[in-house]
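*Asks:* Sequence:
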Amino acid sequence: MIIKIIEELLIGAADSAQKTGKLPRFTLPELAIEWPQNLEHGDYASSLPLKMARAAGLDPYQIAEILREEIETAEEIESVSVAPPGFLNFKMDSSWMRSQIQEILSKGETFGNSDIGLGQTVQVEFVSVNPTGPIHVGHGRGAILGSTLANLLKATGHNVQKEYYINDAGNQINNFARSLWVRYLQSLGLEAEMPEEGYLGQYMINLGEEIANKYGEKFIKDEPTNLEHIAEIGMEEMLYNIRNDLSEVNVQFDKWFSEKSLFESKTYDKAIELLKQNGHTAEREEALWFTGSLLGDNRDSVLVRRTGAPTYFASDIAYHYDKFIKREFDRVINIWGADHQGHVPRMNAVMEALGVDENKLEFILVQLVTLKKGGSTLRVSKRTGDILTLSEVIEEVGADSCRYFFLSRSPDSQMDFDMDLAKKEAPENPVYYIQYAYARIASILRDIPSSLSGTDQSYGKLLVEPEEENLIRQMVRFPEVIESSAKTLEPHHLTHYTLSLASDFHEFYTKHRVLGIEDNLSLARIDLIKATQTVLRNALNLMGMTVPEKM
RNA sequence: GUCCCUGUAGCUCAAUUGGAUAGAGCAGCUGAUUUCUAAUCAGCAGGUUCCGGGUUCGAGUCCCGGCAGGGGCGCCA
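If you're matching positions, the first sequence starts at 1 in this note's numbering and goes up one per residue.
No lab work stands behind these hints: they were computed from the structure.
Computed from a predicted model, the values in this text were never measured in an experiment.
Hints may contain errors.
Straight-line Cα separation of at most 20 Å, SDA-like style, residue types lysine to any residue; simulated pairs [what the hints assert, rightly or not]:
(1) K154 to K530
(2) K530 to L499
(3) K4 to G157
(4) K260 to I220
(5) K255 to K326
Input sequences plus hints: build the corresponding full structure.
*Replies:* Okay, here's the thing in structure tokens:
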């Protein structure tokens, strides 16, 4: 990766300047290498001299000149120049750039990958919707973010596990069971009243009907065991649907982890026992509390209710005990909806209480999605049944569009999902623009005449047009985009990168021909567009989108 | 009341995490097709980055104080 080479050159230059006394001794600040927006500023630039000015006690421009003189020559770099007030601008060597086409072609689907995460096991836990209703658009956002992030981490060498936590225990499940049982009775024509906080969605009515049709009056009596049966049947059905809906947007999991299993395996008991041992619990008002306020949380929280039933929080502690102490993940990334934000300081306190390094646990909070349809704003609420499900959205705008749309926004931004607009604009969605670039290349490659063949890679030197250089420059950046997106856990950079790459290709395409020109140039350009196709495919794969050969 | 996120072009969002002239898409306007796919390209227009202070060589980005929107602050999950 060229950015690494520039880093080394800079460190070497600073080192030798300090050794020869041209610069005073001090520890180097951040190297700060970036892509300038303006091509006149080179292909890469560093503001290192500006950052050194204070410690060096010298004019930054002067520092830049000293460094420039000390920078060793490298085959990747054609020239280094100094620009006021103290930037160092690097221009890539053009023949080295052209050689990268062969590099991309030989690496193929692994181009862009790196091994910075080698030997590190990372768990990404996301979606984890209660199995009491369908996946809606808000969940979809987290699902798409999580799956892409997992792809990025894999591409950077991490050992990744994608996990879905099934809340199949506790209050919500009882409530679900009761609601479903009532719907079941009602569909048999019996009188029954929905519980106060029951699940009112239409899907519950349908599900109750299904059970009635299939099992008849088998569960009609209000016995605890029948309620449990109903709950199990219902949850299974819900999970089946959830799995289906997720696979429609190309989201799969390595493991589905049951909350109930934490109790069956005694993990729950061990976790709570450890908390007690470490002195982070207290008995108060006939309940067991976690004394998080002593560990940085703003309040204490109940673990075991007066009734003896554990809270959701308590099983979540057991779950994290399982993640870190039993399964020993090096890192865990939890992707949560913003409505769980208050839970973050609590979990950090839990980490400390369990004696696990807090930095191993990271959170991405996804802001909630608002829906706009027909000019009015809908609130997403599962309980009232006022839901726009993920599968409904996919049906309207398509899985690729859906993925791209959710991915292109940072999780911090709360987004308005305007259904009417998304539907109307679907054909002009950037996703088509990107895929069209891919399909165009595929189309050219299909038309290559059989008479055209050659393996002499020196043809590459014929690629001297600015549009060709732009394309190559963009492709060379791809590994850097992957690495920085993985490091910052920000997949949304991928969408913008891919759009730029597609744009560079379309520009090239309109100005230059690949076929029907002089043979050697044609061969060089065939390699160029093959490389472009490779990068587009790799990028789209990372984003979980399809690559159409024809459009 | 308090904590978290957000506020950037008419709209939806970026901005390499403090860098050089704040960028894309959509919407609007003008032009381009005997050509490997026009689902494309070229151009025009569009900005007090919510407001006010501060930090420094440099602030959309960091700090303080406001304003506005969303979310959290349960023996719910």
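*Asks:* Please go over all the hints and tell whether each is borne out by the structure.
*Replies:* Here's how the hints hold up against the structure:
no. : hint         : result
1   : K154 to K530 : violated (24 Å)
2   : K530 to L499 : holds (17 Å)
3   : K4 to G157   : holds (17 Å)
4   : K260 to I220 : violated (26 Å)
5   : K255 to K326 : holds (15 Å)
Violated hints, listed in ascending order, are 1, 4; each of the other numbered hints is respected by the structure.
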